[in-house]
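S.K.: Quick one: dock chain against chain with the hints and give me the complex.
Protein chains in written order, with our numbering: chain Y, 96 to 439; chain X, -6 to 277.
Hint data in this document are derived by calculation from the structure and do not stem from the laboratory.
Some hints could be false.
[Unchecked claim] Restraint-style ranges between C-beta atoms, simulated for each label pair:
1) X/Val25 <-> Y/Leu266: 56 to 66 Å
2) Y/Ser136 <-> X/Arg172: 22 to 32 Å
3) Y/Ser210 <-> X/Leu50: 51 to 61 Å
4) Y/Leu266 <-> X/Val197: 27 to 37 Å
[Unchecked claim] Pulled a few chain Y residues facing chain X out of the computed Cβ check, cut under 10 Å:
5) His150
6) Ala183
7) Pro186
8) Ile247
9) Thr248
[Unchecked claim] Partial selection, computed: residues in chain X whose CB lies under 10 Å from chain Y:
10) Glu147
11) Asp174
12) Ser176
13) Leu177
14) Leu178
15) Glu179
16) Ala180
17) Ala181
18) Arg182
19) Gly185
20) Gln190
21) Thr191
22) Asn194
23) Val195
24) Pro198
25) Lys201
Note that the coordinates shown come from a computational prediction; the quantities given were computed from them, not determined experimentally.
All residues carry an ideal CB built from backbone N, CA and C; glycine is no exception.
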Amino acid sequence: MAKQPDIELVALTKRYGDAVAVDSISLRIPAGSYCCLLGPSGCGKTTTLRMIAGHEEATEGDIILGQENITILPPAARGTAMMFQSYALFPHLDCTDNVAFSLKMRGVDKDTRRSRAVDMLKRVHMDAYAGRLPSQLSGGQQQRVALARALITDPQVLLLDEPLSALDPFLRIKMREELKSLQTRLGISFIHVTHSQDEAMALADLVVVMNAGKIEQAAPPREVFNKPASAFVARFIGGHNVLPAAVARAPVVPGADGAPFVAIRADRMSVQVGTSAVAGATSLQGVARSVEYLGSTVQVGIDVIGLDTLSATLSEARFDASPVRPGEPVLLSWNPEDVHVLGR
Amino acid sequence: MNRLKSWVTYLQVAPLALVFLLFLIVPIATIVVVSFFDYNTTQIIPTFVLQNYEELLLSPVTWRTYLQTIQFALITWALTLVIGFTVAYFVAFHVRSPTIQTVLFLLCTIPFWTSNVIRMISWIPFLGRHGLANTTLMNLGLIDQPLEFLLYSEFSVVLAYVHLYALFMVVPIFNSMMRIDRSLLEAARDAGATGWQTLVNVIVPLCKPGIAIGSIFVVTIVMGDFVTVRMMSGGLSASVGLMMANAMSLLQYPAAAANAVVLLLLVLFIVAAMMRLVDIRKEL
Chain Y
96 MAKQPDIELV ALTKRYGDAV AVDSISLRIP AGSYCCLLGP SGCGKTTTLR MIAGHEEATE
156 GDIILGQENI TILPPAARGT AMMFQSYALF PHLDCTDNVA FSLKMRGVDK DTRRSRAVDM
216 LKRVHMDAYA GRLPSQLSGG QQQRVALARA LITDPQVLLL DEPLSALDPF LRIKMREELK
276 SLQTRLGISF IHVTHSQDEA MALADLVVVM NAGKIEQAAP PREVFNKPAS AFVARFIGGH
336 NVLPAAVARA PVVPGADGAP FVAIRADRMS VQVGTSAVAG ATSLQGVARS VEYLGSTVQV
396 GIDVIGLDTL SATLSEARFD ASPVRPGEPV LLSWNPEDVH VLGR
Chain X
-6 MNRLKSWVTY LQVAPLALVF LLFLIVPIAT IVVVSFFDYN TTQIIPTFVL QNYEELLLSP
54 VTWRTYLQTI QFALITWALT LVIGFTVAYF VAFHVRSPTI QTVLFLLCTI PFWTSNVIRM
114 ISWIPFLGRH GLANTTLMNL GLIDQPLEFL LYSEFSVVLA YVHLYALFMV VPIFNSMMRI
174 DRSLLEAARD AGATGWQTLV NVIVPLCKPG IAIGSIFVVT IVMGDFVTVR MMSGGLSASV
234 GLMMANAMSL LQYPAAAANA VVLLLLVLFI VAAMMRLVDI RKEL
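Same shape as in the complex, but just chain X (with noise of 0.2 Å):
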């Protein structure tokens, strides 16, 4: 009897542990397996080198596209955090009918209704250098020279990263909110705080679940990200994404899977130190 039971536990769990087998674990490992892979300019040869690894770390290439990643990815948070979380404060606390918030909540969704590729390249006409801000600006008188900055810089990069996933920062920060218990603000009113007293010691702190995840998001899609870097920079700027698809262009599979497990481990590493700070388990 208990063996049947211990057997029809095992099958309700195969199926999903099936699709993690399939989707998740075979392809990291085959990744781990191809970086380890040599490579010429006509083939894949399957062996057992550390070479891959050693030309990614010991390249100033590497590391000055690390360093300019996680600049971005760091900027982006910053600028994602601060407008996701105005944005859910309003209207979680500002929007008093349970209708409007609906509605400004899927306001914010409208961005995600068409691709990403498209949002990005919207801002191409508004940015460029006779674009729309520059024509206007000129027209006003404000500025003599078109703006360079504007288009194929860091700037509309940033711009791009934080218009396609400050979405990601609203909806966890604003879920985070929602479950806020309203008798809450106002004992703290009740204990004298200030409208910025009350944020600081309670909004924040019971909001810390849904900051962890949206940083999450955030920092793992632009760590990975190489479409955004290449269309907005124009060239100029590198990502290690956009290293591992050059790679890939080229047909250096094996050092492209070397740069992806790498990126991984760091990737993991930020998401580890994040869960260390904040407790999201109670938010899943």
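One chain only, chain Y, in its complex shape (with noise of 0.2 Å):
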């Protein structure tokens, strides 16, 4: 297989008149990655993700990929291929021509570009269905023909809009699955718009957080995980406690500016019921507002008077431990070396 290319945002900006909607975004995607693109609507992602495809004209900056420039470059001319949130496919073809679409525009002979579009079908365990109407499929097998009728222009970067929203959780998690064994195989770069973290960490290797039209960090999983980049990664992430510096009594900075904010993870708090402090560990006083039960955890919820709430995931075992109900005065604590300092 050629060497896929890298994929290099410079400066790109969208602006709808006086609105912002992508904010000079700069950003590599290396080749054969799959990246993620997450934030809350609005954020730009899928704006972003439609400029790369062509099919919103950048304001300012430059969309590389490889060597060349495709800024201005046509959806087609551009080696990317989209597959659209509600998947987009003709009603009026069946599996086989949705699929062999892009060939027909390209004057492929019908015995040639039907053998291929049912090739490709094949691929993605859909040949049974060669010859039925998008309509009388279910969600996740369309999404299986729009997967199929994007990868037979043999892209070197798929472009995913929401792929997994339109499905029911348990069809969600097996498509996941599904899209990640593609992309290895197929050794292309993915880029997936989604506002689900769960998605992002389990599918990316490039997760990037975009809010207000800007990154916010893009880093591997583990790290935005770790190490969020901002209060808004922590808590957009989830898992996080995120406190003021101060209150956490953590080291500031130097060079941090205004108040800077701390994460703690919620899985390395501990809960304990009274009010004695705990030896070697820094605490907080608070009152115990929810307990729900996980399975394989208890999530705690505390108020703590001047903070929004703050929780708490403890193992089952260590719950049993010590275990708290509703209403009870508790004492949250955390060790000094789970305190992540967050930049801004």
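M.R.: Okay, here's the thing in structure tokens:
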């Protein structure tokens, strides 16, 4: 297989009138990686994807694929293929013709394009449904056909716009695995837009957390989770308690602007009934607000005066060793080495 | 309990069924019955004769008139289809703002604020021998003699038809177009389709139900028309509707009724053929 190209975004900007949707973002996505653009709705992740696909014109900046500047090329000339959020299968064409559509546009003759389409349907295990119309397929099946249609052009980069959001939770996890294994097999880059941190964590080699048109952090999932770059990332990723540094009694990093925050993973918190301090740990006095049993873990929500609700994720065994009930005064404590100082 | 329920169901469909019976079934049945009556110059004789159909179908005038009417219908259909599709395409896909879409759509309906007849008559001063069109062309020096074909000709009949009925094409096609998911057009572009290829491979197939509905409107209206032909051809062209109107003015009701039955069968056949080609049910 030929060496796949990297993708690079250089100061990419999209403005609608005065509103800035994407604010001068720069990013390098290494070849053959699974990249997730993660963020709340309206953060600019879909606009970024659509600019890479060529369905949205960049106001400023460049998109480089390998050695080539593709910023102003039409979608089909970029070496990218897009899978749309609602799959956008042509309702009047059966699966084979849907998959063969781009070949037809290029003037490939009927027999060749149909046999290639059936081959592609085989790869996504949909050859048994080749003659069906999209309306006769389930959501998961439609998605596979949409994948086959995107892949038949041999793209160097596959762009996926919230591909799993239309599926039920069970199917979502199954298709998630399939997407990942397909990406590994093909060795091409996937850029996947999602607002689900679970999805991004499970799939991505590179998680790009976006907020208000800017990139907050671009890093492998473990790094994003263990060393969130900002309070926004820590809150959005979940599983963290974000505290003002003064409350956490953390060493304040020099040069950090404003009132710095710290993040502490919820599963590194300890909770015990009562008010006596724990030796060698930092602690806060609070009141248990909620106790949720989640199977392998127990989630305890704790109100501390002057702060947002904090949470502690305890293993079942740890919870059972010192159970807490809602309304009881508790002591929330953590080890100083688990405190992560946030940049902003 | 069940018997009561089925009574309630019948009661619920009764009003519509009555309306259909009274305003559709009864009149058509009457026409069919009358078409078998005999007549002379003074009266209609209730009996059963096939003479009306014999006279109708054996006359070369009938065949010529039917051919003429079908020709009008075909030309009008083709022109309204092209114009209707183009207008609908422009409003649906080229105009981005929904407000302007609505405004343009309402603009299309303005001609319908006046009656058919007034809209037709308004062409006469424009197209006449000393009308606006001829005067302008002559003043510009483009022609020496007034163009005779402009008014009281097949040209003016078709022009009036297209003017009157293009909207019946625009509305259903526009409706079909607005239902097309815009991401399908992006998907086509993503697959390398040019604008023309997208039109042929995606938009036209998805507009088929709208095209079929518009075609049914235009063809059935033109097939049954007589006012437009009478006014715009100045009596030089004929149509099936005009034939019937003439028969009725001579009080030959059974002859007109027989003609009506034949026309009804022909139009039903055309509509059935169109419905076979396109499934319009999903549009309703």
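S.K.: Work down the list of hints and note, for each, if the structure agrees.
M.R.: The hints, checked one at a time:
For valine 25 of chain X and leucine 266 of chain Y, the Cβ-Cβ distance of about 59 Å falls inside the hinted range of 56 to 66 Å, so the restraint holds. Between serine 136 of chain Y and arginine 172 of chain X the beta carbon distance is about 26 Å. The supplied range of 22 to 32 Å therefore holds. Look at serine 210 of chain Y against leucine 50 of chain X: about 54 Å separates their beta carbons, and that is inside 51 to 61 Å. With their beta carbons about 34 Å apart, leucine 266 of chain Y and valine 197 of chain X fall inside the hinted range of 27 to 37 Å.
Interface hint at histidine 150 of chain Y: satisfied, since its Cβ lies 5 Å from the closest Cβ of chain X, which is below the 10 Å cut-off. A hinted interface residue such as alanine 183 of chain Y counts as satisfied when its beta carbon comes closer than 10 Å to some beta carbon of chain X; here the least separation is about 4 Å, so the hint holds. The closest approach between the C-beta of proline 186 of chain Y and any C-beta of chain X is roughly 7 Å, which is under the 10 Å cut-off, so the hint is satisfied. At about 9 Å, the closest approach between the beta carbon of isoleucine 247 of chain Y and any beta carbon in chain X falls short of 10 Å, and the interface hint on this residue holds.
A hinted interface residue such as threonine 248 of chain Y counts as satisfied when its beta carbon comes closer than 10 Å to some beta carbon of chain X; here the least separation is about 7 Å, so the hint holds. Taken as an interface hint, glutamate 147 of chain X does not check out: its beta carbon lies about 37 Å from the nearest beta carbon of chain Y, beyond 10 Å. For aspartate 174 of chain X, the suggested interface contact is upheld, since its CB lies about 7 Å from the closest CB of chain Y, less than 10 Å. The interface hint given for serine 176 of chain X holds, since its Cβ lies 4 Å from the closest Cβ of chain Y, which is under the 10 Å cut-off.
About 5 Å separates the beta-carbon of leucine 177 of chain X from the nearest beta-carbon of chain Y, less than 10 Å, and the hint is met. For leucine 178 of chain X, the interface hint holds, since its Cβ comes within 10 Å of a Cβ in chain Y; the closest pair sits about 9 Å apart. Residue-level restraint check for glutamate 179 of chain X holds (minimum Cβ-Cβ distance to chain Y is 5 Å; threshold 10 Å). Because the smallest distance between the Cβ of alanine 180 of chain X and any Cβ of chain Y comes to about 4 Å, under 10 Å, the interface hint for this residue holds.
Taking 10 Å as the C-beta cut-off, the interface hint given for alanine 181 of chain X holds, the closest approach to chain Y being about 7 Å. Hint status for arginine 182 of chain X: holds, given a least beta-carbon distance of 5 Å to chain Y, under 10 Å. For glycine 185 of chain X, the suggested interface contact is upheld, since its CB lies about 3 Å from the closest CB of chain Y, less than 10 Å. Given the 10 Å rule on beta carbons, the hint for glutamine 190 of chain X holds: about 5 Å separates it from the nearest Cβ of chain Y.
With a cut of 10 Å, the hint placing threonine 191 of chain X at the interface with chain Y holds, because the nearest CB-to-CB distance is about 9 Å. Checking asparagine 194 of chain X against chain Y: minimum C-beta separation of about 7 Å stays under 10 Å; hint holds. For valine 195 of chain X, the interface hint holds, since its Cβ comes within 10 Å of a Cβ in chain Y; the closest pair sits about 6 Å apart. Hint status for proline 198 of chain X relative to chain Y: holds, with the closest Cβ pair at about 5 Å, below 10 Å.
With a cut of 10 Å, the hint placing lysine 201 of chain X at the interface with chain Y holds, because the nearest CB-to-CB distance is about 8 Å.
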